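If you're matching them up, the sequences are chains R and S in order.
263 is the number that this note's numbering gives to position 263 of the first sequence; each next residue is one higher, with no gaps.
1288 is the number that this note's numbering gives to position 288 of the second sequence; each next residue is one higher, with no gaps.
Since the hints were derived computationally from the structure, they do not count as laboratory data.
Note that the structure is a prediction, hence the values are computed from the model and not measured.
Just so it is clear, CB atoms sit at the ideal spot from N, CA and C, and this is done for glycine as well.
Be aware that one or more of the hints could be misleading.
[Said to hold, decoys possible] The list that follows gives simulated cross-link-like pairs (lysine-lysine, PhoX-like), each with its CA atoms no further than 20 Å apart:
| # | chain 1 | residue 1 | chain 2 | residue 2 |
| --- | --- | --- | --- | --- |
| 1 | R | K46 | R | K328 |
| 2 | R | K287 | R | K161 |
| 3 | R | K152 | R | K64 |
| 4 | R | K64 | S | K1233 |
| 5 | R | K371 | S | K1233 |
| 6 | S | K1233 | S | K1223 |
[Stated by the list, open to error] Partner residues aside, some chain R positions facing chain S, computed with beta carbon under 7 Å:
| # | residue |
| --- | --- |
| 7 | A96 |
| 8 | A237 |
| 9 | G238 |
| 10 | D240 |
| 11 | D379 |
| 12 | T382 |
So the chains spell out like this:
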Amino acid sequence: MIRNLSAVTLTAVLMASTAGAQTVLDVVAWKGNEAEPAGLPELIEKFEAANPDIEVDLTYVARKDVDKVIPPRLQGGNPPDVTMVDSSLVDLWGGAGFLNDLGTGSAWYDRMVPAVREVMTTDGEIRVFPLEVIGMGNFVNMDLMAKAGIDKAPVTLDELKAACQALAAQGIAPMIFAGGFPAMLFVGANGIDPNGVSPAEYGSGERTFVEDENFNAALDGVRDLVAAECFDPELQAGLDPWATAPQEFRSGNVAILPQGAWNIGNFSSVEGLTFQFAPMPSRYTDKGLALDLVGPGWAIPRDAEHAEAARKWVDFFAEEENLTVFLKAEGAYSPYTGGVSTMPDLAAPYTQARAEGSLILWPFSTLEFPKALQSEWEDSITGFLLNIDKPNEDTLQRWDDTVEDSM
Amino acid sequence: MRARLSLYWFTVPALLVIGLFFIHPILLTWNMSLTNFAGIGEAKDVGWRNYERIFTRDRYLQEIWLTLWYTVIVVSALTVTGLFFAAMLHRLPLIRNFSRAALYTPAMMSFVVVGYIWQFLYSPLNGGINVALRDLGLGAWEQNWLGDPALALYSVAFTQIWMFTGFTCAIFLAGFAGIPEEIGEAGRLEGATSWQRFRYLELPLLGPSITVSVMLTTIGTLKTFELPFILTKGGPDGATRLLSIDIIDNLFGQYKFGFASALSIVMLVIVLVVAFLQNKVLRDRENA
Chain R
1 MIRNLSAVTL TAVLMASTAG AQTVLDVVAW KGNEAEPAGL PELIEKFEAA NPDIEVDLTY
61 VARKDVDKVI PPRLQGGNPP DVTMVDSSLV DLWGGAGFLN DLGTGSAWYD RMVPAVREVM
121 TTDGEIRVFP LEVIGMGNFV NMDLMAKAGI DKAPVTLDEL KAACQALAAQ GIAPMIFAGG
181 FPAMLFVGAN GIDPNGVSPA EYGSGERTFV EDENFNAALD GVRDLVAAEC FDPELQAGLD
241 PWATAPQEFR SGNVAILPQG AWNIGNFSSV EGLTFQFAPM PSRYTDKGLA LDLVGPGWAI
301 PRDAEHAEAA RKWVDFFAEE ENLTVFLKAE GAYSPYTGGV STMPDLAAPY TQARAEGSLI
361 LWPFSTLEFP KALQSEWEDS ITGFLLNIDK PNEDTLQRWD DTVEDSM
Chain S
1001 MRARLSLYWF TVPALLVIGL FFIHPILLTW NMSLTNFAGI GEAKDVGWRN YERIFTRDRY
1061 LQEIWLTLWY TVIVVSALTV TGLFFAAMLH RLPLIRNFSR AALYTPAMMS FVVVGYIWQF
1121 LYSPLNGGIN VALRDLGLGA WEQNWLGDPA LALYSVAFTQ IWMFTGFTCA IFLAGFAGIP
1181 EEIGEAGRLE GATSWQRFRY LELPLLGPSI TVSVMLTTIG TLKTFELPFI LTKGGPDGAT
1241 RLLSIDIIDN LFGQYKFGFA SALSIVMLVI VLVVAFLQNK VLRDRENA
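Here chain R stands alone, though its shape is the one from the complex (with noise of 0.2 Å):
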């Protein structure tokens, strides 16, 4: 009887010492809820067989709270082990030197896109392990297109205003085009030359938007739109392009919406509706301009508790098997070279314009535009669309005084 509970008690002590050795790293997140999974419950079980001395600990927080709960954290010394940061907070945390580097000496570093490295990479530092490259450009409706005779989703700017023209002869509504975010992003591809002047030039103040050839036919290019019967822009100038835009493509109200590539599964579950991908029509391409959106990433804090264990974590990710189930989880695109497509059938037309080379980095996703000036290109334009008929320069001269101001 004595023996048997020595033996239990011993077993307990050395289950307890095990137990007392194991790390649990603290990760912060704005995935790896039940609304957006990411693939990170998959992942962490899969990373917690393979490392059996660490025990992930994942903490939720919505990206919009991550600037109150994280700073605090930084600042007082006890930050998570690793935390999702997207290029905005690598440039608060990371300048007030608050993120360690990560080293460009890793394989992955290597493997990183040229673009996504460059942008990423300051002062010879990197800060963040990037996680995936969202998609931006056009959702497609193809059963309205089907009745406006239409098999193709439009990727020049012909087709496209041959498509709204077709589309408004059979009273299907053609196009959103909300002032917020749907115009920003044909304005963006149709004023950015992804082979001419870098964004850089136009956030940094080196080049003024007012005097720009390439920016003033991009608003020419939306009276066009306009001209084709595509929308009517008073009418859709002020409308919400996160709640109704959306809502009225997934009840198949109008036939184009241009949109982030994170809608894809929501637009997927809605049964009859059979829709693509494309990317955006410009003037400067023939397949359309696939708009990437440089998405969140690992970041490691200067004060993490357990260094070790959170660059196991990040070297993890880095391995192209494990995020490939986060990139298939998410509907995104690899930054990193090489890999397999995780993309669905319905974003075929993206998908072949970037691997065509037909791509452009989003600015404010890179911070090549300061952020000040999302807000304004959003208010400007609505007010562009409320007024078409007001010069160009009206417009494009409060870009030019945001810069100033930002600088």
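Position chain S relative to chain R; hints supplied.
Same frame as chain R, now just chain S:
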């Protein structure tokens, strides 16, 4: 004398709470408003630059004007509608309790829920209001309720008025309950009509209720953020961009904590000045 003085010691806990949780944060905000603090890292002293920017740019002066105008619309409408419903319900005791609860229900709902419901009602594409107008043969009255800069502020204000009419109505009903019945009866014996009794007897006696209602709704409306943010995010093209929306945008959209603090201080001063003037005018009117 000593006993009376010792009574003041009892105010110390309350004063400590006020100092710690009200005065201290305001002083911190003031201090931050003189810096370029980004929410993390070091804050550099920039002197009066944030305030200079606020008072030299049309954008911010326009926001201050818009905030004041929005407050005038909402407070006036809430006072009139609240008074109207309270006067009606005061005369209709059988349905008073039910109607008061029904009117108050929107005020108990979340701003987010109310905002999204009204956003779909206002939508220019198959929105509830435009569809109803079309079905009623009033298609010519269809509007782009939130998309037209000339209309957007009034559409947002209407939602806020719809939401809080029950609140002001409840305040006025409490005021009506405090009016002695004899006064109304005396009016009736003198042959006063319902309107005359309201205008010359009840309305003057509702003075304290009007003061409370106007003060509370004014302070609440000056600080309004949720409805304009959810319905229009300050658009279209700044037509509903109230001061509070720009504060949040500067804080968490652009990480300009210093500048947002300066805007908050300006807002605080506006609220204090308006509340002080309003209180003085309404109290003088009550005592007249």
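Any of the earlier hints contradicted here, and which numbers?
3
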